[in-house]
Amino acid sequence: MKEEIFDYFDEYTEMADSETFVTLEDDCREQARNWSKRINNESREWPVYLQMLALKGFQHWIKQRQPDLAIDVSQTSVLNQAYANVMDAVCHCKVGDFDVCLLPIWGIQPADEILLPRAVVDLPEFAAHFYVIIGIDESQEQAAIQGFLNYDQIVAACDSIEPDMDWNYPLLAEDFEADVSNLPLNLSCLNAGSILLPVIPKNRQAVLRKFQPILEDLLPQIQKQPLWKVLTWEQATVVLTNADLLKWLWYRPSIAEEVLKTACLDLWQLVCRPAMNVYRWTQGQLDTITSESNWSLALATATRSSGTDLDTRFGNQCSDQTLVSLLKEISTDIPLEESVNSSVYQDIGFKFKPVRVYAAVWNSPAMENTWNLLLIAGALPGDNPPEGLRLRISDVTGVLMDDVLVTEAGESYIYGQVQGSFDEKFLVTLTDVNGEVKSLHPFEYQAEVSL
Amino acid sequence: MGEPLNYWQLIQVDGSGRSHCIDRAEQENFFRAQFPENVDSGSVADRKIQRQLMNLLQGDTEEAKQAEWCLKCYISQALLIACRALVNRHGMHHGFILEELLPLALGGLQANSLNRDTSEKSGFISVSDEVLRRFNPEKSGLSTWCDRILKSNREVKRFLLEHGLELKTNWLILNRASVGKVKRVLRVFDQTERDIEEASDLLQAFHKVYRAEILEPRSRKGGTYPAPDTQHLEAMARCMTVVQGLSPEEILEKLDQLSIFFRQYSVQRLKPPLQKKEAESGPNNELKQLLEPHCRPCLEKAFQVVLRRRIDAFSKRDLSREKDQKSLNALRLFHCEGLSLSQIAPEISLNDQPAVSRLLKLKTLRSDVKTETIKHLKESVLELASSFRSPEALKQLDEQVNASLDEYVTDLMKSAEKKAYTSKKASCQTDNLFSQTLCNVLNNWS
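Residue numbers (this note's numbering), protein chains in the order written: chain A, 1 to 451; chain B, 452 to 897.
No wet-lab data here; the hints were simulated from the structure.
Heads up, some of the hints might be wrong.
Computed list of lysine to aspartate or glutamate pairs in EDC-like fashion (alpha-carbon distance at most 20 Å, straight line) [stated by the list, open to error]: (1) B:Lys-829 x A:Asp-68; (2) A:Lys-63 x A:Asp-179; (3) A:Lys-37 x B:Asp-652; (4) B:Lys-634 x B:Asp-707; (5) A:Lys-229 x B:Asp-652.
Stretch-level coverage of chain A by chain B, calculated; a stretch enters the list once three of its residues show a Cβ under 8 Å from a Cβ in chain B [stated by the list, open to error]: (6) 346-357; (7) 364-375.
For every residue, glycine included, the Cβ atom is placed at its ideal position computed from N, Cα and C.
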């Protein structure tokens, strides 16, 4: 038995041209290792590690061969953990006008076979102009650029091949263009329009709703195992093309079992229900979703102009306790003018006792690209505080806060404050003392929407 | 059964890489005294003797020293055989000879110095020391170990790599495989679903243990990827769920079987080599005329850009300016003086032809120059065209130019390349544009 093993050791393989090698610096191995640990999923450490090294190697190579080309790696899948958690290639590496997808393999010897993840060719969200094989041998501190294909070629190569059950197309490495010096040539001389990428279908949201019931069931079952062990490819298509679901999957192992059900419930509301764009509020306007769900600006447009005292301007609308004094009471850190100007309110008709809800939004001056949301729920003017009212705020990573109003403790209102980046959404749910549940439309902040 | 004299004949390598067989009387006497019955019969039970010699190694006695040298004699013989086999099999095709390989394998085996002290100080561990350190006589014969250690030795691997050869180990094959591949391949070989399930489980256990080992920061920096050891195999056995309680030997056997399937599969799947199509037509004549006047300035510009980039890269890495100088000198000697690679080597004090070709990186130079030339050509030709073409026509022209230019410049480069490898005559290369331009740039540089 042993003899056989050693016999096979004797099998050597032709090396790729050593001129396609590029040295991996020592610190990039360290960086790759650290980043792979942060994925917080042991079985993903390896692919992420290889992907990081492939990315470093590729960057280095392009810099050597065509220093004029601009590389932007900020959007790459490996740097976004929700994607790195499921993708087996580096997507969205931008070189000049092109999108490049890196396919890392272990070892710098040429492979016979390249396992191409189905997602990077079958899903327009991940399609690239060029697909590049990158061999990694960290023990020799080397990466090797081994071959490439453009989008049309890769589609043709996959055409006659059945994907494996773990969603890889087993492509022959010899079908790739081996003269990799043509890649810098293509990247610097070709017009981006000469390789057309597929368009993302418009019905993603509709398909998502169709699969919602089954996915509600299946997604919580995914702990750290690969998607193909639980989902069909059709179901996976829905998940892979939805950033929120991917993010949830990445957080899934850290969600405690006892809140799992609630977290799931909130997740699907966040993913499926149309969101209110709170950016409009900061402009003193309401978008369609907001006004259709009965919110009103707390401060009438006529009284928005500054000059008069805030308390006076606002006092006309709330007879018992003004929003301003509430805000002052909650935190001195809230910029009053800004938050009051963007505030909305509505009265929610619980059967037992209706409540009034305020929502205020402001940007943090200290932190770029973040927004703050404050929710205050209490009695309608003149009414007694709603004992036992429950306020829950969630995002796709789970329940962020869950609090109950206790009048005995002298509380007359309940509030919650969250901070998010521009791609984050929040869901607010109110439950009254009898268990009646009201979920509000999700809140999101989309500054790029032009008015 | 082996020959007794393997234990007292030491193979040494001299300065020119040739091997010499040295009879060591001290070890012969020792060996005859230790194993009289074997010597008399003229053949020895290697496994048994190696086990006993390894036992004698313990301690700092005279016996230990003798035993070590007996083993080293045997190791030197085995390494010689392993090197010969490598050279016979791959040397001719990949351009290396026994005299180049032997110093790597037998370095550190000097008869007159027990050079342990020096080797420990320099951090250099010879192949023979490595074999002795890792040899386990319970597992397999010493010659097998020699073969294996030799092939996983870093210097040997690097040497073979430089000659275009790399080991394709089971571990490489298994680490690159996926569960989906297991299913696909094993079905081809008519394995049962149960076998497939078991093999998938095994592969996942292998990935888990082996990858964790590589990811471990303390893993051999600049070392080699080792075969899994017994501890790893035990850990794999523990990870398996379909079949439990396998011994390390059984795991190893199953891993081996699985990689044999993969190897056979990839041989089956390989397509017959395609006949490379020669480019059907030469560059379009009309286009050639259009481009001709632009070619030379663009090529010159391209050389300047690419050479400057190379030199910048050198100085950024803070290597000695010497290497830049060598590199430039080599380029000049090669293209302007028309020397061959082997003639250049001594001129710039490098050992051999491969060293020069690594320094010149000719292929990279050519393709970088090609890319730059096309970039510049594209710009200057488009400038001409833009005045009388519509945007749509321009786009079309751009595409045509791209396609034809690539052909045109490749053609140009190819003729330069052909000359590079065939010509040994001096100054015969000035007739082609590539060399001419390169020489101009190089001469203006200094």
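Evaluation of the provided hints:
1. Simply put, Lys-829 of chain B and Asp-68 of chain A have alpha-carbon atoms about 16 Å apart, close enough for the 20 Å limit, and the pair holds.
2. Note on Lys-63 of chain A and Asp-179 of chain A: the hinted pairing holds, with a Cα-Cα distance of about 18 Å set against a maximum of 20 Å.
3. Taking the CA atoms of Lys-37 of chain A and Asp-652 of chain B, the gap is about 24 Å. The hint is violated against a cut of 20 Å.
4. Our distance criterion of 20 Å between C-alpha atoms is met by Lys-634 of chain B and Asp-707 of chain B, whose separation comes to about 17 Å.
5. Annotation: proposed proximity of Lys-229 of chain A to Asp-652 of chain B holds, straight-line Cα distance about 13 Å (limit 20 Å).
6. For the region 346-357 of chain A, the proposed coverage by chain B is not satisfied: 0 residues have a C-beta within less than 8 Å of a C-beta in that chain, short of the threshold of three.
7. Using a Cβ-Cβ cut-off of 8 Å, 0 residues of the region 364-375 of chain A lie near chain B, which falls short of the minimum of three, so the contact claim is violated.
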